[in-house]
Every structure is written in C-alpha cells, then in structure tokens.
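S.K.: First to last, the sequence lines map onto chains A and B. No gaps in the numbering here: position 64 of the first sequence is 64 in the numbering used here, and each next residue is one more. No gaps in the numbering here: position 51 of the second sequence is 51 in the numbering used here, and each next residue is one more.
Calculated directly from the structure, the hints in this document are not laboratory data. Ideal Cβ positions, reconstructed from N, Cα and C, are used throughout, including at glycine. Some hints could be false.
Computed spacing ranges between beta-carbons, pair by pair [stated by the list, open to error]: (1) E172(A) to V152(B): 50 to 60 Å; (2) S126(A) to F97(B): 22 to 32 Å; (3) P120(A) to H192(B): 55 to 65 Å; (4) N265(A) to R224(B): 49 to 59 Å; (5) P25(A) to P73(B): 15 to 25 Å.
Beyond 10 Å from chain B on every Cβ pair, some chain A residues (computed) [stated by the list, open to error]: (6) M1; (7) K7; (8) K23; (9) G56; (10) K59; (11) P120; (12) D122; (13) S129; (14) N145; (15) N178; (16) K212; (17) L221; (18) R259; (19) M277.
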Amino acid sequence: MALEINKLRKEYSDFILKDISLKLPSGYIMGLIGPNGSGKTTLIKLILNMTQRKSGEIKIFGMDNLIHEIEIKSRIGFVHEEPHYYSYLKVKEIRSLFSRFYVNWNDDLFYSLCGEFNLPLDRRISALSRGTKMKLSLALALSHNADFLLMDEPTTGLDPVFRRELLRKFTEIIQNENKTVLFSTHITSDLERTADYITYIQKGEILFSCTKDHLFETWGLVKGENEILDHESKKLFEGIRKGPYGFKALTSDKEKLRRAFSGKNILIEKPSLDDIMVLLSRGEINA
Amino acid sequence: MLKHIRRELIFNQTQLYIFAGYMIIFWIWVDWQDISFRFSLLFLSFVLPLFCAASIQAREERFKAWTLNCSLPTNRKTLILARLVTSWLLIFAALVFGLLFSALFQENPAFLSQFLELKSLLIFLLLSSLFLAFLLPFVIRFGLSGVIIGLVALQILGVITLLLTSMSGNKENILRSFIHSVINAVKFLLNHDPTPAYLLLLLVSAAAINAFNLKFSQFLFLRRDF
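With the hints as constraints, model all of the structure from the sequences given.
M.R.: Rendered as structure tokens:
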C-alpha cells in the first residue's frame, strides 16, 4: 500500500478535517476532488508533515510519516499548487540545490525533462510564467525517481496543451514503473482521463473514495419530474437539484434506485465527475 | 549539514550581498571615525544576530520558502540546526572580515589588540548568543510582522522612557533602572579580570544559551503549520 490514512484529524479555528481514512495501493493514480476549502491541501500538507495533525495516523509505503520522515520524503516528489522558489535564483541553481538532498537524483533525467518541457536553464525564476514554474516543479519532482508523486492542483493555470501533455506524462509514469500518484484538482475532466481512484472530500469529510470504474458503475445521475419525489424517495439520493422542468439527482446505488422507482418515469444516466461535484456540493444533500 | 548550510547561503545570496555592503560601511566608519572598541563590540553583538535571525527569516516569509524547505527530505529540527549553524558562520565571517579590515586601516593599534583578547571574543560570543537566543525563537514564533511590531514597540518604549525621565526630573524609573542594569552588567563583564575561571564561565554560558536557543527554536518550529 503506497498510502494509508487512518482517522486523521486536524483542527483549525474555522475548519476541521474530521477523522478521515483512505487507502491508495501502489502503482495507481488517485484524484482528490472537492470544492474550495474542503481540505484537499490540508490533507496533502499533513501527508508531508507541513502541518501538525491533532490525531490519527499516516503511513506511506508502510512507514509512519513522522517517524520515517526523511526516508519517506526522499521517495516523494511534491508539486505545490503555487511553486515557491526564490525568484532571483536560476533554474540551474534550483537544480543544484535540490540534487544534493536526494540520493537517487538523476541529472540526465532532469536535463532530459528540461528539454521535453522547454525549460530555460539560465533564466531566473522571476522571469518564468506560472505554467513554466509548474513544469520546473514537475521536473524536480520526477528527477529523483520518486515512487510517490504528490501534487496539489498541478494542472491549475496551465494551458490546455500542456495540461494534456502533463496528464499523458502521469499515465506514462504509471505504465512504465510501479509509481503512485495522488493529485488534487478542480478540473474533473483531468481525472476522468487519468485517475484510477477518485476521492471526494467536502467540509473536511471524505464522502467517497473508490475506483473510478466502481464509481461510474454504481453511481447514477437521475432525472425525472418533481412530482415523483416525496420525503421517503429523497432519502435515496446523495444530492438533488430541482428545476422548473424536473429534478436532477445523484444516487450512489443505481440498482436500488431502479427498484424503488420501478414503474415511474425516470432516466438514469452515467454521471460525469462534474455532475457529482455539483450535486454533492451544491445540491440538497440527503433531503 | 553542509548541504543545508549551502541551501541557506544560496537562498539568501541577495541578503548576503546587502549585509556585506553594510559591514564594509560599518567598518569604514569604525576605523575612520575612531569609534571605541566597546561600542563596536556591543553594536556587532546586536546587529549580527539581528541580521541572521530577522533578515533571513524575512526572505523566507516573503518567498514562502519554508513550504519548499519542509518538502525536502529532511526534518524540521535539522532545518533549525542549519539556521543556527549558518548564523554563527556568518557572525564569525563578519567579525573576521572586520578585524582584517581594521588590521589594514585602523590607526589605533589598541583597537585590534583589545578585540583580539580572548575575554573580548568570549564576551562577544556571550552577548551575540543572548541576542540570537532572543531573536531566533521570536522570529520563528511571530514571523516578520512580529519583528516589525517588536521594533516599533522598542521605539515606543524608548519614547516612554524619555518622557518618564523628563517628567520625573531625571529621577529613577523602572525602565531607566533596567537600562542601567544592562549597561552595568556589560561593564562588569568587560572590566572583570580575565581569570581562567571567568573565561571558562563565559564560554560555558554561551554554549548553554545556544543549546537552549536550539531546543526552544526547534520546539516552536515543530508547532508551526505551513
């Protein structure tokens, strides 16, 4: 198991990450989705011990992330949503700094990635665009042969061409080696293309964490007329949105719903991750 | 540890250039204006730790570099140890530079010989350790805004002291007494005979203060969220 989180809790004055648990096997890509302020970044920071937890346990490659901090971090490639480098340093100076911290640093790989991403080695960080900084961050994360890539919103702010390129790179990494990727994003179409597992987090709670296939097999987007909804039937949905021409709702068990609504005029479709996000975060939940 | 010191120096290279320029101006001023040895020693004991603790920390806050540093394969205790070791390297580098500068340009030969006395160096070590032990935990806990608020508070304290002094017709007040106590303590240190026991006490005190500084700073840094 690449990542195992048990009853992890973090308390801020205005936000609580509520005893969350999840598992990610080695060699898979997990996408972490949820609305702004739901706890995605907090979770990633807790994994890297950038934030102190209140209680719970995080194991990476079977090791506790606090006890084996250095060993674990040397096997993690981290990409932050807003890469923080000293702006007056050059790309090659950043390489020089990073390379000494990683035993498995591969200079050839770094320079090859720089070529692939068109990274200017002699340019200062201040002269790089956000997308180029993100590329640098990714090149640094990949150049020490990390077993686990941890990325916080890596595709935000990137142009569609590079975003697609980046997602292709993720898939390539997974296919070629036994590496694991956990990345948070708002762009759900990215996950539909690449992720094996989807974890949805909202208000500090994990609402679901499962394989993408399982999600699309069991969850359904239900459409029907408002009249067929009553107090009891509403309980079968994870989220409902009513409109003037009918309702749109989300179910986590298509078959159960089909049986409950047999004989009634409803339409069950495969939901997109966008539908799931919108209905879970903005819909009338478990009404 | 070397890679950490290197990281500190590379990350703070601009600050180091500014600091080097400042040190050159300071030593030119000391040597040309014939500034007293005691003033120079006290001034350096305060300014060098202030630079190391506050200035570097300010850069780190500006660039949010702690996030980057904490993602590297290291732990927070090592980061603080590296900060302390780098601070002392810079303090000694600045001192050595100043003394070499004085050896070349200082017209008063007593200045250099006084500075190079073991007692003077140990007092410098003790005073710098004290300031650093105050400043490093302070900036780790309160950050750059804390340093600015602290400096403003000291200014206000100075104004209040002056006001109280003038209002009370130069009579003693708490702040004045405190400042006098500090001055007397420094005078005592400087005037004391350099017996071996005294020198050893200075050295042990400086070491103990640094050990406390390290542990306390690490404790504070471990509690920070990034």
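S.K.: For every hint, state whether the structure bears it out.
M.R.: Structure-based check of all given hints:
no.: 1; hint: E172(A) to V152(B): 50 to 60 Å; result: holds, 55 Å
no.: 2; hint: S126(A) to F97(B): 22 to 32 Å; result: holds, 30 Å
no.: 3; hint: P120(A) to H192(B): 55 to 65 Å; result: holds, 60 Å
no.: 4; hint: N265(A) to R224(B): 49 to 59 Å; result: holds, 58 Å
no.: 5; hint: P25(A) to P73(B): 15 to 25 Å; result: holds, 23 Å
no.: 6; hint: M1; result: holds, 21 Å
no.: 7; hint: K7; result: holds, 19 Å
no.: 8; hint: K23; result: holds, 23 Å
no.: 9; hint: G56; result: holds, 16 Å
no.: 10; hint: K59; result: holds, 17 Å
no.: 11; hint: P120; result: holds, 19 Å
no.: 12; hint: D122; result: holds, 16 Å
no.: 13; hint: S129; result: holds, 17 Å
no.: 14; hint: N145; result: holds, 13 Å
no.: 15; hint: N178; result: holds, 20 Å
no.: 16; hint: K212; result: holds, 28 Å
no.: 17; hint: L221; result: holds, 38 Å
no.: 18; hint: R259; result: holds, 48 Å
no.: 19; hint: M277; result: holds, 27 Å
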